[in-house]
Amino acid sequence: MKKHPVRALLVNAALVALAFGLLGLVIWKNRGQIHEIFGRKLDLRLIALAFAVYFTSLSLTFLRWYWLVRVIEPTFKLRHATLLGYIGNVFNLVIPGAVGGDLIKAAYLIRMRINKTQAIASMVLDRILGLLGLFLLAGVAGVVAWPMATVEVRRLVVIAWVLFAAGALGLTAVFTQALTRRFPGLLSGHGRISMILNELRAMSATYR
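Residues 1238 to 1445 (my numbering) make up the sequence shown, in order.
Don't read these hints as lab results, they were simulated from the structure.
There's no promise every hint is true.
[Unchecked claim] Pairs of lysine to aspartate or glutamate residues, derived as DMTMM-like cross-links and limited to a Cα-Cα distance of at most 25 Å, are as follows:
1) K1353 - E1310
2) K1353 - D1363
3) K1314 - D1363
[Claimed, not checked] Quick list of the computed label-pair ranges, beta carbon to beta carbon:
4) V1381 - L1406: 42 to 48 Å
5) L1279 - V1243: 31 to 37 Å
6) T1387 - V1308: 39 to 45 Å
7) A1410 - V1308: 18 to 24 Å
8) R1348 - W1304: 19 to 25 Å
We put the beta carbon where it would ideally sit given N, CA and C, even for glycine.
Turn these sequences into a full structure, and let the hints steer you where they fit.
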């Protein structure tokens, strides 16, 4: 298939412009509340606590990715995971709507002569586990606050648990290869579904 770099560049530029546009719209529609917040006196203790919670959660994500990479490359060091994690986090923050940080980390793994499929598998699985962790955190927090929650909030809590269960079942299906074993013909095609299923099969083979 012939690639069109100019078209890809235009699409990426449009996505970045859309992300900035949506961000600007949200800020504009909530400018009154934002102005009110900035007018309040800062509580340095809460700010320090927020930074501590943020950097602790960030460090845990680096540790999670480190464990995933260690499975495929035993020489990978925790300091490498931390350094690449912070670099990737900067890219994710300054490029709205992009996954530039994951590309940086995957490129580093490939330079370490790690198989490209395995490098991408570590990124994908890391993202999936992080997303499931968010759903689980939201669900647990919702259960704790259930007695004082409104009907709308309770509905969101139920949705969080449903998404967590669906994600866990999907991950189980990927690692057990239940779908491809039952329908092996899905892997032999040339369409997008076959490509995705083959990539998921490679990911499950890496971490089984």
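Which of the stated hints cannot be reconciled with the structure, identified by number in ascending sequence? 4, 5
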